[in-house]
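In full-length UniProt numbering, the protein residues as written are 1 to 296.
Honestly, the hints are just simulated from the structure, not real lab data.
Straight-line distance between alpha carbons at most 20 Å, and here's what the computed SDA-like set of lysine to any residue pairs gives:
{"id": "1", "residue 1": "K235", "residue 2": "G250"}
{"id": "2", "residue 1": "K69", "residue 2": "V41"}
{"id": "3", "residue 1": "K235", "residue 2": "I258"}
{"id": "4", "residue 1": "K263", "residue 2": "G250"}
{"id": "5", "residue 1": "K263", "residue 2": "L135"}
{"id": "6", "residue 1": "K71", "residue 2": "S48"}
{"id": "7", "residue 1": "K71", "residue 2": "S106"}
{"id": "8", "residue 1": "K112", "residue 2": "M152"}
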Amino acid sequence: RRRHQGDDGRVRQQLQCHESLIKRMACAERLTGHSGCVNRVAWNERGSMLASGSDDCTVLLWTTANMTKVKHRIQTGHAYNIFGVAFLNDEYIVTGAMDHEVRLTSIQTPNKRTIYECHSNRIKQVATHPGVPSLFWSASEDGTVRQYDSRMDVGRRARDPNVVINLSRGPVEPQIAPSAIQLTDPSSIAPPTDGTRKRLLRKHWYSLSEGERARRLTRILDEMKWQRTTSGEVKSIALHPIRPEYIAVGASDPLVRIYDRRKMTLHSLQGTPLHESAPPCDILCPRELWSAPFEQ
1 RRRHQGDDGR VRQQLQCHES LIKRMACAER LTGHSGCVNR VAWNERGSML
51 ASGSDDCTVL LWTTANMTKV KHRIQTGHAY NIFGVAFLND EYIVTGAMDH
101 EVRLTSIQTP NKRTIYECHS NRIKQVATHP GVPSLFWSAS EDGTVRQYDS
151 RMDVGRRARD PNVVINLSRG PVEPQIAPSA IQLTDPSSIA PPTDGTRKRL
201 LRKHWYSLSE GERARRLTRI LDEMKWQRTT SGEVKSIALH PIRPEYIAVG
251 ASDPLVRIYD RRKMTLHSLQ GTPLHESAPP CDILCPRELW SAPFEQ
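Construct all of the structure, not just a fragment, from the sequences and the given hints.
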């Protein structure tokens with residue numbers, strides 16, 4: 001409670017807001033209309049519309065001009081609970097649900113929809129690209145993140161080559177995220193070569209104190225340990241709002257994996273040879289969990 005009220009100076013500095021502003025925050029509107037739990041809400045890019053997805057298998061749209069009245073009630077056709085919802089170019093709603101389906105539904109013509117049946121387990125979240133009005137992604141408990149393009153007929157079936165991340169393959173040889181120790185500006189046009197990076201890393205490593213080396217080594221070992229396990233279920237995804245080439249993935253372990261989409265390729269779960277997903281470009285984990293036991 002004290003942190004929420006702004007008594008923590010570090011939080012106030014990070015949020016760059018005054019304590020009095022936090023104390024004045026209150027519920028502005030209470031929106032009603034669903035007959036089941038609301039699992040996901042999402043604003044459109046302009047912030048003029050809000051979508052809510054529910055266990056009642058419907059999506060309700062609200063406008064900031066009149067938040068007390070439902071503007072659209074979309075019958076998505078999902079058989080079970082909706083867990084993911086997102087706007088696609090203000091013309092379509094993307095939904096993912098417990099029935100393993102991703103659906104792309106027209107806001108103005110709800111009967112106009114595309115059904116993607118490529119996942120084999122519950123879909124926990126969907127995401128769209130802020131600058132490309134046809135691209136979207138889904139994260140599923142089957143361990144995969146899949147990419148779709150509304151202009152193409154790919155992703156309708158499980159064998160379609162639209163897998164970009166696969167954490168369901170079981171134990172694999174881990175790869176340490178190359179930017180776990182950030183030495184360069186990620187926006188730099190010409191990143192250092194592998195040889196230069198290794199020299200910088202070596203110089204940086206020996207400049208650290210003995211305690212800091214031990215702490216970072218513990219983190220690396222824990223990253224490798226967790227990557228050796230079967231992460232399995234993907235729970236959430238998020239695109240960077242300013243640099244959408246980066247996508248963050250949360251799974252059934254303590255790690256947040258950051259991937260560079262420019263290094264990723266679309267592949268299928270079937271066929272020979274099996275294509276492996278690109279390794280993450282960074283891995284994030286709370287300091288408290290670096291040495292903590294974890295049960296999947």
